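K.L.:
The residues making up each chain are set out below.
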Amino acid sequence: MESTMIRRLISALFLLLLITVGSSTPTTHWRKRVREPCNKLVFYFHDIIYNGHNAKNATSAIVGAPSWGNKTILAGQNHFGDVVVFDDPITLDNNLHSAPVGRAQGFYIYDKKEIFTSWLGFSFVFNSTEHKGSINFAGADPLMNKTRDISVIGGTGDFFMTRGVATLSTDAFEGEVYFRLRVDINLFECW
Amino acid sequence: MESTMIRRLISALFLLLLITVGSSTPTTHWRKRVREPCNKLVFYFHDIIYNGHNAKNATSAIVGAPSWGNKTILAGQNHFGDVVVFDDPITLDNNLHSAPVGRAQGFYIYDKKEIFTSWLGFSFVFNSTEHKGSINFAGADPLMNKTRDISVIGGTGDFFMTRGVATLSTDAFEGEVYFRLRVDINLFECW
Amino acid sequence: MESTMIRRLISALFLLLLITVGSSTPTTHWRKRVREPCNKLVFYFHDIIYNGHNAKNATSAIVGAPSWGNKTILAGQNHFGDVVVFDDPITLDNNLHSAPVGRAQGFYIYDKKEIFTSWLGFSFVFNSTEHKGSINFAGADPLMNKTRDISVIGGTGDFFMTRGVATLSTDAFEGEVYFRLRVDINLFECW
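These protein sequence lines are chains A, B and C, in that order.
The opening residue of the first sequence carries number 65 in our numbering; numbering runs sequentially from there.
The opening residue of the second sequence carries number 65 in our numbering; numbering runs sequentially from there.
The opening residue of the third sequence carries number 65 in our numbering; numbering runs sequentially from there.
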């Protein structure tokens with residue numbers, strides 16, 4: 065009888081060994097991680113560039129330009145070299161006049177002569193009952209593509225230490241004064 | 065007697081099972097992580113803006129401005145659109161004349177018409193016996209708030225691969241030429 | 065004989081305990097992680113600054129300058145305050161005329177009066193059979209040093225969510241018009 069118990073014990077030991085090996089995380093750091101977002105958010109933001117005549121409504125302004133440019137008209141050569149600073153309203157839908165839920169603040173630069181392409185560094189700043197804190201972004205925006213991905217490089221407050229990818233798409237544009245971006249934020253690190 | 069040992073063995077097995085289950089990390093990646101810093105640092109840095117008359121002492125300069133601005137006076141409308149490049153001394157206390165322990169290098173832009181708000185991209189660069197390496201920062205700085213959080217987006221050398229949050233507070237300012245920021249750095253990823 | 069088996073079982077239990085404790089990851093987050101790259105890449109990129117006479121070949125342009133500078137000549141005082149936007153070809157070897165495998169897009173600023181030092185925010189943008197996606201960089205570049213480290217702050221596509229360190233070295237420069245950087249990218253987080 066005791067011999068039977070010992071056999072059971074040995075079985076239990078092997079089972080335990082399997083569980084142990086299966087459940088413990090490997091210490092190597094380059095394993096493939098699960099690509100499932102821990103948080104998904106969708107916003108729109110609206111950019112109205114100052115053109116010398118719209119001081120009241122403008123949310124952005126040209127502050128750097130190449131030698132062939134100026135500060136009230138986006139430069140030739142696909143705006144190459146223009147630096148734009150912005151403080152744009154963020155809305156939940158695609159309506160410029162919806163109540164803003166935060167501000168998109170930072171800068172973009174047009175950085176290619178042959179086609180429209182930009183580079184963005186900015187934050188979403190929230191201070192509402194819904195969200196408090198900020199999400200920080202950086203990356204290349206080849207804006208002629210239907211969608212393009214930039215990095216979420218950090219966050220504070222409700223978005224403490226977050227990382228992820230944001231997919232930009234141009235939802236609308238009117239001449240060279242107004243554009244609206246849709247931002248699909250997928251966070252893959254949430255603390 | 066052997067029966068007793070077997071009972072002890074069974075107890076040991078259960079204990080081991082508990083330890084095993086308790087200590088193994090779940091493989092899901094969206095668990096709440098411990099919000100306890102792995103490193104805490106406090107520094108001050110000092111910014112003296114070039115105003116046309118202080119070339120010798122200035123540590124920063126306006127290099128981009130909106131159409132209504134210029135390069136020696138911060139622009140109207142809460143400096144909206146001014147781009148400032150800086151190389152500021154970092155000190156351990158709030159004294160501008162203390163021996164610098166590193167340099168804060170990068171840029172800030174004023175990005176809102178209605179109130180003072182800026183966006184920062186910069187590094188702390190250390191090369192002393194105390195610290196070697198750099199800490200990289202990015203984020204929105206709504207500078208009228210007593211404290212505001214930006215992201216530590218990376219690091220090199222002693223701060224290899226670090227991430228965290230830095231809390232900025234304006235420790236002093238004199239007109240539009242000098243300001244001093246206190247930076248409380250809390251690192252949550254240390255390699 | 066059964067007594068022997070029980071002794072063996074006890075040995076097995078202790079061995080198992082050791083394995084368990086050894087293999088399970090601690091839940092604390094400030095453990096030292098393995099500093100072994102999960103991906104290593106080497107590229108070169110080539111920067112030709114617009115100087116008023118090379119519109120056709122130029123890949124970058126001065127777009128911000130201090131009050132003592134202009135947009136076609138890098139400023140005095142070690143170019144302090146110059147802001148340069150670039151769209152540079154990336155090659156696998158050090159030959160400017162090799163087929164580019166991607167584009168380095170973003171900006172750099174010269175940020176120190178006393179010596180050449182810059183701050184970089186840019187992306188490597190790939191769209192070839194080899195690589196699709198982008199790698200985002202930020203950091204201080206004390207360019208008189210033989211090598212200097214900046215941060216890989218994120219990535220998209222093939223480089224989804226990556227982080228790491230990139231080591232820059234100046235591979236060549238010709239006057240103030242052309243320079244070539246070698247970039248050794250070491251990624252320590254790969255998804």
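Since the hints were made in silico from the structure, they are not lab data.
Warning: the hint list may mix true and false statements.
[Stated by the list, open to error] Capping the alpha-carbon separation at 25 Å, the derived lysine to any residue pairs in SDA-like fashion look like this:
no. : chain 1 : residue 1 : chain 2 : residue 2
1   : C       : K210      : C       : S192
2   : B       : K196      : C       : K120
3   : B       : K104      : A       : N115
4   : A       : K196      : B       : E178
5   : A       : K104      : C       : W255
6   : C       : K177      : B       : T211
7   : A       : K196      : B       : K120
8   : B       : K120      : C       : L207
9   : B       : K177      : A       : F237
10  : A       : K104      : C       : K210
11  : B       : K177      : A       : K177
12  : B       : K177      : A       : N121
13  : C       : K196      : A       : W132
14  : A       : K177      : C       : K120
These numbers were taken from a predicted model, which means no experiment stands behind them.
K.L.:
Holds or violated: K196 of chain B and K120 of chain C, Cα atoms, limit 25 Å.
P.N.:
Not satisfied, since the Cα-Cα distance of roughly 42 Å exceeds 25 Å.
K.L.:
Under the criterion that the straight-line Cα-Cα distance not exceed 25 Å, is the pair K177 of chain B, K177 of chain A satisfied?
P.N.:
It is violated: about 30 Å lies between the C-alpha atoms, which goes past 25 Å.
K.L.:
Taken at face value, is the distance from the CA of F237 of chain A to the CA of K177 of chain B at most 25 Å?
P.N.:
Within the cut-off at roughly 23 Å; holds.
K.L.:
Check whether the Cα positions of K196 of chain A and E178 of chain B lie no farther apart than 25 Å.
P.N.:
holds (20 Å)
K.L.:
Straight-line Cα separation of K177 of chain A and K120 of chain C no greater than 25 Å?
P.N.:
holds (10 Å)
K.L.:
For a C-alpha distance cap of 25 Å, please report whether K104 of chain B and N115 of chain A respect it.
P.N.:
Violated, at about 46 Å.
K.L.:
Are the Cα atoms of K196 of chain A and K120 of chain B separated by 25 Å or less?
P.N.:
violated (42 Å)
K.L.:
With the threshold set at 25 Å, check whether the alpha-carbon distance from K196 of chain C to W132 of chain A stays at or below it.
P.N.:
The given pair, whose Cα atoms are some 33 Å apart, is violated under the 25 Å limit.
K.L.:
Given the hinted pair K104 of chain A and K210 of chain C, is their Cα-Cα distance within 25 Å?
P.N.:
Given pair K104 of chain A, K210 of chain C is violated - Cα atoms ~43 Å apart, limit 25 Å.
K.L.:
CA of K210 of chain C to CA of S192 of chain C, is that 25 Å or under?
P.N.:
Roughly 31 Å between the alpha carbons, so the hint for K210 of chain C and S192 of chain C is violated.
K.L.:
Are the Cα atoms of K177 of chain B and N121 of chain A separated by 25 Å or less?
P.N.:
With a Cα-Cα distance of about 11 Å, the restraint between K177 of chain B and N121 of chain A holds, given a limit of 25 Å.
K.L.:
Mind checking the alpha carbons of K104 of chain A and W255 of chain C for me, to see if they're no more than 25 Å apart?
P.N.:
Holds - the C-alpha atoms of W255 of chain C and K104 of chain A are around 18 Å apart, at most 25 Å.
In summary, the numbered hints that this structure violates are 1, 2, 3, 6, 7, 10, 11, 13.
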